[in-house]
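Protein sequences, first through last, are from chains A and B. For the first sequence, the positions run 8 to 243 when my numbering is used. For the second sequence, the positions run 247 to 537 when my numbering is used.
No wet-lab data here; the hints were simulated from the structure. Treat the hints with caution; some may be incorrect.
Said to hold, decoys possible - A few chain B positions that, by computed beta-carbon distances, are all more than 10 angstroms from chain A:
| no. | residue |
| --- | --- |
| 1 | Arg413 |
| 2 | Ala430 |
| 3 | Leu504 |
Stated by the list, open to error - Between beta-carbon pairs, the in silico distance windows are:
| no. | chain 1 | residue 1 | chain 2 | residue 2 | range |
| --- | --- | --- | --- | --- | --- |
| 4 | B | Ala414 | A | Ser121 | 22 to 30 angstroms |
| 5 | B | Asn426 | A | Asp31 | 51 to 59 angstroms |
| 6 | B | Leu253 | A | Glu124 | 24 to 32 angstroms |
| 7 | A | Glu223 | B | Pro343 | 41 to 49 angstroms |
Claimed, not checked - Coverage of chain A stretches by chain B, computed from C-beta distances (three or more under 8 angstroms per stretch; other residues unrestricted):
| no. | region |
| --- | --- |
| 8 | 84-91 |
| 9 | 186-198 |
By construction, the Cβ of each residue, glycine as well, lies at the ideal position given by its N, Cα and C atoms.
Residues per chain, in single letters:
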Amino acid sequence: MQRIEGLRIEGLTAGYGATTILRDVSLMAEPGRVTCVMGRNGAGKTTLLRSIMGQTARRTGRILLDEIALQDLPAHEVPRHGIGYVPQGRRLFGPLSVAENLEIGLMTRGKGASTREAVLDLFPRLRDRLTQAAGTLSGGEQQMLALARALCLEPSVLLLDEPTEGLQPSMIQLIRDSITRLKAQGVAIILVEQRVEAVLSIADSVAFMAQGQVAEVVPAMGLTPGAEPFRRYIGV
Amino acid sequence: MGTGPLLLLASLEGLVMAAVLALAAVGLSLTFGVMRVVNVAHGEFYMLGAVLAWAVAQFVPSAPMGFVAALIFAPLAVGALAWLTDTALLKRLNYNPESTIVATIGLSYLLQQGALSFFGPDARAVQAPFELRLQFPWFGYSGYKLFVIAAALAVLAAVWWILSRSRAGLVMRATQVDRNTARAFGINVDRVYAGTFALGAGLAALAAVLIVPISQAHYLMGHDPLLLSFIVVIIGGLGSLRGTLIAALIIGLSDGILSMLYPPTLAKILATLVVALVLVFRPQGLFGAKA
Numbered sequence: 008m009q010r011i012e013g014l015r016i017e018g019l020t021a022g023y024g025a026t027t028i029l030r031d032v033s034l035m036a037e038p039g040r041v042t043c044v045m046g047r048n049g050a051g052k053t054t055l056l057r058s059i060m061g062q063t064a065r066r067t068g069r070i071l072l073d074e075i076a077l078q079d080l081p082a083h084e085v086p087r088h089g090i091g092y093v094p095q096g097r098r099l100f101g102p103l104s105v106a107e108n109l110e111i112g113l114m115t116r117g118k119g120a121s122t123r124e125a126v127l128d129l130f131p132r133l134r135d136r137l138t139q140a141a142g143t144l145s146g147g148e149q150q151m152l153a154l155a156r157a158l159c160l161e162p163s164v165l166l167l168d169e170p171t172e173g174l175q176p177s178m179i180q181l182i183r184d185s186i187t188r189l190k191a192q193g194v195a196i197i198l199v200e201q202r203v204e205a206v207l208s209i210a211d212s213v214a215f216m217a218q219g220q221v222a223e224v225v226p227a228m229g230l231t232p233g234a235e236p237f238r239r240y241i242g243v
Numbered sequence: 247m248g249t250g251p252l253l254l255l256a257s258l259e260g261l262v263m264a265a266v267l268a269l270a271a272v273g274l275s276l277t278f279g280v281m282r283v284v285n286v287a288h289g290e291f292y293m294l295g296a297v298l299a300w301a302v303a304q305f306v307p308s309a310p311m312g313f314v315a316a317l318i319f320a321p322l323a324v325g326a327l328a329w330l331t332d333t334a335l336l337k338r339l340n341y342n343p344e345s346t347i348v349a350t351i352g353l354s355y356l357l358q359q360g361a362l363s364f365f366g367p368d369a370r371a372v373q374a375p376f377e378l379r380l381q382f383p384w385f386g387y388s389g390y391k392l393f394v395i396a397a398a399l400a401v402l403a404a405v406w407w408i409l410s411r412s413r414a415g416l417v418m419r420a421t422q423v424d425r426n427t428a429r430a431f432g433i434n435v436d437r438v439y440a441g442t443f444a445l446g447a448g449l450a451a452l453a454a455v456l457i458v459p460i461s462q463a464h465y466l467m468g469h470d471p472l473l474l475s476f477i478v479v480i481i482g483g484l485g486s487l488r489g490t491l492i493a494a495l496i497i498g499l500s501d502g503i504l505s506m507l508y509p510p511t512l513a514k515i516l517a518t519l520v521v522a523l524v525l526v527f528r529p530q531g532l533f534g535a536k537a
């Protein structure tokens, strides 16, 4: 994994077509730290991650990976700089086999068999499913594969969009453990998450979004489930 | 000639047609499957392949060498034109399904009228690369036609290998499933689309080069292959390679046999009837996925 100083978003305004979703968003993701992004539906959380991946129309602002201006790159070049992405709803290549999904991840940055083995060691259940079509896996296995596919890039920055959505508790714990391990390895993580207890267990800081803006960034340490920002920005 | 030998002869004719049709239809199916573009100009890419084969044959005096040169040059030239079309036209339309249909209709007229202007209205013959007649107990049959079947099978096997076993095929299949996610994993979707469009057009041109020693080159020859390719792709299931091959075999054989026994128009009527029935009872085609 390449060492980086961090991913810095500065004054980003972006959207889809003529519609502007994000307004003047600034955020920092640092190596070995988990930045959670929270907010109500429609606050712009998914759009923020998609903007980092170059999949929205940017109006103004910069997205810097160290000194590399990601916003000037075509979307397919962004992951080649070590940005791994686990989209909402997994977005696996369903008719392709598990092995082929992993191969797509490996091809992104020219990684080989050793990376593949390391990833499969993290998710041994996938080893038994290599020839199975990804779309036929259980929900938990699909999420494992989505994460494994992103890890095949050996990312220095990992973007996770609600990775525990719809999973049973044992699977949620497995995903959380994986995130904790990646954090310890120095990966900078931006995690979009709706579960307060999940956020409090792994986050270093929490960015609360409302109406396309980052309204507040607070350290996770000291936050409690009933803390004022949770009530104000997600209504719990 | 008895009924048995007549049926054998008709089946051989049908197989020749099925082979060429399968090549053209796989090209159309790939374009739709990966890009979701209905390429109405596909028949004109086919016509251009035949016309270029004739043009190349004029420059190379020896028949076998001229044919081999055409077999290489025509698909590459048509593929290059398709790549250019994708970059200059389809990409600018953001591959919008309705807009690309209109754009490829316009392109088909451009290509057709361009061929009329530069090539003329007359049908032109291209000499087969070899003269070989196989003598069956009941009739003699062209060795070149059997070569067409074998060559088409070899190319189709190569296409299958590329799609299912190579990295390029993996990238094409991933793009077909979800182009945004493909981009998030470093796949240059623009290049995949251009390559797929070029491959589809190149296959149509290759089919035409193979058939042109049998049926001659003509600026209006793209109509039938376009219609039949659409029929094959719809019956087989949009984007399904296996379905396309089986449908090509059904349509090719039935057309070959019926054309031998009845007026050729009846074969076309039957093919169209089969499409109507498939659309009524199995709208996704024989091997297509349900929407």
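Okay, the hints, checked on the actual structure:
1. Residue placement check: Arg413(B) does not keep its beta carbon more than 10 angstroms from all beta carbons of chain A (closest about 7 angstroms).
2. A beta-carbon of chain A is positioned within 10 angstroms of the beta-carbon of Ala430(B); the least distance is around 5 angstroms.
3. The beta carbon of Leu504(B) is kept farther than 10 angstroms from every beta carbon of chain A, the shortest such distance being approximately 36 angstroms.
4. Distance hint check for Ala414(B) and Ser121(A): the Cβ-Cβ separation is about 24 angstroms, which falls inside the suggested range of 22 to 30 angstroms.
5. For Asn426(B) and Asp31(A), the hinted distance range of 51 to 59 angstroms is not satisfied, since their beta carbons lie about 25 angstroms from each other.
6. Taken as a hint, the range 24 to 32 angstroms is violated for the pair Leu253(B) and Glu124(A), whose Cβ atoms sit roughly 58 angstroms apart.
7. The beta-carbon spacing between Glu223(A) and Pro343(B), approximately 43 angstroms, falls within the hinted interval of 41 to 49 angstroms.
8. Check on the region 84-91 of chain A: 4 of its residues sit with their Cβ under 8 angstroms from a Cβ of chain B, so the three-residue criterion for coverage holds.
9. A count of 0 residues in the region 186-198 of chain A with a Cβ less than 8 angstroms from any Cβ of chain B is obtained; the coverage claim is therefore unmet, three being the minimum.
Hints 1, 2, 5, 6, 9, counting from the list given before, are not met by this structure.
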